[in-house]
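Asks: Following the hints, complete the assembly by docking chain B onto the known chain A.
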Amino acid sequence: MNTAATTPNSAAKQSSGVPVIEMIGVSKWYTPEFQVLDSCSTSVQKGEVVVVCGPSGSGKSTLIKCVNALEPFQQGDIFVEGVKVNDRATDLPKLRSRIGMVFQNFELFPHLTIMENLTLAQRKVLKRGKDEADAKARKLLQRVGLSDQAPKYPGQLSGGQQQRVAIARALAMDPVAMLFDEPTSALDPEMVSEVLDVMVELAREGMTMMVVTHEMGFARKVADRVIFMDLGAIVEDVPTEDFFGSPRSERAQLFLSKILSH
Amino acid sequence: MFSNFDFQVIIDALPYLFLEGMVFTLKLTLLAALFGTILGTILALMRLSGVWPLPQIAGTYVNFVRSLPLLLVIFWFFFLVPFIAQKIVGSPRPIPIDPFLTALITFSLFEAAYFSEIMRAGIQSLPKGQVAAGYALGLSYPQVMRRIVLPQAFRNMLPVLLTQTIVLFQDTSLVYVLSLNDFLGIAGKIGQRDGRLTEMYLFVALVYFLISFAASQAVRRLQVHTAIIR
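Residue numbers (numbering that gives the first Met the number 0), protein chains in the order written: chain A, 0 to 261; chain B, 0 to 229.
A couple of the hints might just be wrong.
Claimed, not checked - Here's a subset of chain A near chain B, in silico, CB distances under 8 angstroms, partners left out:
(1) L69
(2) P92
(3) S96
(4) N104
(5) P109
(6) L119
(7) A120
(8) M172
Calculated from the structure, these hints are not laboratory results. Treat the numbers as computed from the prediction; the structure is a model and nothing was measured. Even glycine gets a Cβ: it sits at the ideal position worked out from N, Cα and C.
The following block holds chain B by itself, in its conformation from the complex:
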């Protein structure tokens, strides 16, 4: 059945696919996961702070973002932000924004909503006595959060955070609609140029599968390792 397939196309494209495409994809994934975690942690702390109006703001943000299709948000950012920037700066023309930056900001903001729910669950899963013990020793709220609550919440939730990052890794392929040169985007372009889309997409699927599968296996192993003994 593969007799009329031409796998040479893939082999020729390998350096470009990986050195350019996969590097872009991984860079976007890791940076978005990093910023998403930071912003998500802040959102989770806001949500649990009980200090009006912080929980309301964070809650609204999370619910709003989670009710929107990611693809739509990507479009929005890409097409609207230049106009918004134009208005703010007062320039005569829409200000083009670096596509990678656009993608990074979009994914970070979007993932923050998901990461914040994970961190919130992680924080709430800790026994209440841990916080009380911190306060009883004279630690302040920021010290209790930074030294006691967040390290434990983060460690407890690490497998879930990483699993969400694997989902993010797959979702970054959506930037292909902005015709950015991520792994999928490059494969699509080469496939189209050479009329070998089937081979290319099969290969892309295989690579995404292998990386995601290997990563989730690694997460499972890590889960056993990092579990805190109580």
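Chain A with its partners taken away, still in its complex shape:
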């Protein structure tokens, strides 16, 4: 497969090698009349941070959920490190374990402690021993500033803390890329920054990230590229400076004027 030719817009950080995520003409229909994704193509290089934005219902969340096959799609191909996601022969659990995902509603497992939330998949999927998994979990909890919360249950934590735990849980799998699906949308305003701080730090450390968000400040600060979606299609896929400087499409201009005017 020729990766360079299919993604003319991508400003690759590292031009060499296979992109971490590569989407080619992805289309999805809920019903024959209702199309949610309209031939979306893009790619994310190693270490790149790509922000996906757009009005609600534009298909942003659906698009990133296609990357780890949480959402099926009918047309096109997605490759993660060269492995085809939409191939029946692909070992999906293995592929998914290599991509971290953070959800809008955290989705920590409420019946497990914070520690167990972080170690469950390490042990069951990566087959790590208890000591190794625990050590990894502790290290990551410390990193997101929640060392003292290990024995608690998710319900005892604030939204911001829960989302930081969710990020740590995803990182515990040593993913090659992280997907964020509106990670701050369900948070009280005063908790948004503590989550964004963790994400900024992660981006600066060189994590490959695809982030669906309305936090334009975050996009400006760390994104290499911004993808703007509308009506299921990728309307713009440009370097961050270009997007905020002079978005080419009218729809993106309108979106930005609405979102940045406050």
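Replies: This is chain B only, laid out in the frame that chain A set:
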């Protein structure tokens, strides 16, 4: 009004009533609840699997069983299974099956239909994101079910499962039609022998009431305790 009642009959029968009758009743209740829950969980998973023809099979089973009177099913099993077993084994005579086993199998199969609906509700009540989060971490379907979905569904539904078990506890008295020695059966037999049915049935009613009432109060307390904070 109780002047011509003879409560001595009850006192004399207490050891037999409880050590034999109540033990039988409780054993049948708890084992049937256990097997009913296991089978019911399997039925619920089949029903939600979306893999043809599993939902159809489970759905048909549940609807079929729920449309039959329990008493009829008990009769069926008791009188038909020996003949079926005879056919299968090819023995010259109907094969008698241990009455306790008959009762246990009947109740387990019957309760499974009810428990499966409870478990199905419990599974469906979980946010869809929980399953997605499990998959996103690389867990397989069985792992997601076993580690994430079922523990939460089971815990959420525990009060309902226990309430259904209390109903089962009362329903086990139906085995008296097979003249098995459950609590009610024994009380009936003693009452008949001594001509003291009124006293016996009053006492039996009181005991069933006390146990069921105490159990449902306990369930209510448990409900507060086990609720998972979200």
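Asks: Does each hint fit the structure? Answer for all of them.
Replies: Taking the hints in turn, this is what the structure says about them:
{"no.": "1", "hint": "L69", "in the structure": "holds (5 angstroms)"}
{"no.": "2", "hint": "P92", "in the structure": "holds (5 angstroms)"}
{"no.": "3", "hint": "S96", "in the structure": "holds (3 angstroms)"}
{"no.": "4", "hint": "N104", "in the structure": "holds (5 angstroms)"}
{"no.": "5", "hint": "P109", "in the structure": "holds (5 angstroms)"}
{"no.": "6", "hint": "L119", "in the structure": "holds (6 angstroms)"}
{"no.": "7", "hint": "A120", "in the structure": "holds (4 angstroms)"}
{"no.": "8", "hint": "M172", "in the structure": "holds (6 angstroms)"}
Going through the hint list in order, the structure satisfies each hint without exception.
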